[in-house]
Amino acid sequence: MPLSGMAVAFKASTSACTAQQLWGHPTRDQCQYGFTHLNERKSRKGSAALHARAISGKLDLDFGDPSWKQKYQEDWDRRFSLPHITDIFDLEPRLTTFSLKKNRAPLGASDVSSPDKWNGYVNKDDRALLKVIKYASNTSAGAECIDPDCSWVEHWVHRAGPRKEIYYEPEEVKAAIVTCGGLCPGLNDVIRQIVFTLEIYGVKNIVGIQFGYRGFFEKGLKEMPLSRDVVENINLAGGSFLGVSRGGAKTSEIVDSIQARRIDMLFVIGGNGSHAGANAIHEECRKRKLKVSVVAVPKTIDNDILFMDKTFGFDTAVEEAQRAINPAYIEARSAYHGVGLVKLMGRSTGFIAMHASLSSGQIDVCLIPEVSFTLDGEHGVLAHLEHLLETKGFCVVCVAEGAGQDLLQKSNATDASGNVVLSDFGVHMQQKIKKHFKDIGVLADVKYIDPTYMVRACRANASDAILCTVLGQNAVHGAFAGFSGITSGICNTHYAFLPITEVITTPKHVNPNSRMWHRCLTSTGQPDFH
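If you read the sequence shown in UniProt numbering, its first letter stands for residue 1, the second for the next number, and so on.
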């Protein structure tokens, strides 16, 4: 059972409950590190002891073993070590060509660009701490625990940034950039910064691959030469300067194309599926012993990539969602028995809906995929909407697109990326509300707004633009440092490199026991719909 990157199983001599029973909710990742809650606590005097074990990846932990913490941390360090081209090739590094010192040096200064003259580099042994809260109990709100006692264990990840030594000769490098999946605010900002940073290193041969992975094999799609002059102002518009697409050829065919084009660095900008593709390309390059660094940049407005505080595009999506929620509120407030209904993106996660509901302060009901609910019955959503119309005269509902799928007919269809095509819960909800109030003889004026493509096609806001800038720069730093099969993200407010294999294990989900979801419930005032 995958739980946020680690498969966790439990064996207890006093209880044989399943993970779903332990948490009381069937979401796949209630925590990122271990287990969050046990029905039976470890015994005090006079009570039966609970003997617990956890399986993290392939590591079987026995918490009765005094050295379990050391074993866990060794396993963590192994899993989060970064693949490097020296794993395959016997290479010696050279001093980096990246230095900002030369841009600030007085005229006539000598050798100011030497790395020894500037302390702007990240040491290869620098680490960032992924987890900072020490939970006293696994029953604490949002607790992320490994053992029943919620012992403190440090989770270190590699700090991102420029290294003093590099493994490529910049003038010999050919770098390629590809944007995959759907549109997302900030794509052009990332492309722009990757090009800028490559040029600072001294790379002259930079190309864009058009329309996602399709650009590697589709006839008629040529490489697009990129330079500072070409990408200077592309951040002023939404969309992708290179174009996007879903799906693609077989990994072997893509690597054939990479090999034929003599590409040394590939920067893949995309979400979970695109990251999985990037990792497959990385593995195939290693298998063929190609000196190619494949580095991904996490892109998704859903904010569903594991271990990261947020992904670029998310802040902009939440901000743009206000442009839909506010009209829905005005329409509902101005009508007799008005009901405003807004559907926001979020296939398997409710981060946009939750944060948009919190930030607007105008939402009465927020429905997300991670929290089950019923529509009908005494304690259902529709009964609550009745109560809201009776007490305040109007209401506003926000739903994530993946919410309530268990209430709809299942679809076996998939899109080009292999994602299951979801049934339209927004339309279903609109019809249910209209039918319900018609059946009980109460007038309800329902206004339904779906801003999906407005949200993802716009230009990045200031917050996302900064995040895109740093992620794009760090992707280049990671490639020149010799890493491959990695992604760059912001973790616990610090920028870090992570192995792609760990972040694609499972999507990140809203934890229904988290403080943020509790804050959303406090804001909306909605009850438990069961």
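For the record, the hints were derived by calculation from the structure and aren't laboratory data.
Accuracy of the hints is not assured; some may be wrong.
[As the list claims (entries may be wrong)] In silico DSS-like links for lysine-lysine, alpha-carbon gap of 30 Å or less:
| # | residue 1 | residue 2 |
| --- | --- | --- |
| 1 | K134 | K69 |
| 2 | K164 | K291 |
| 3 | K219 | K134 |
| 4 | K287 | K174 |
### Task
Could you work out which earlier hints the structure fails to respect and list their numbers in ascending sequence?
3
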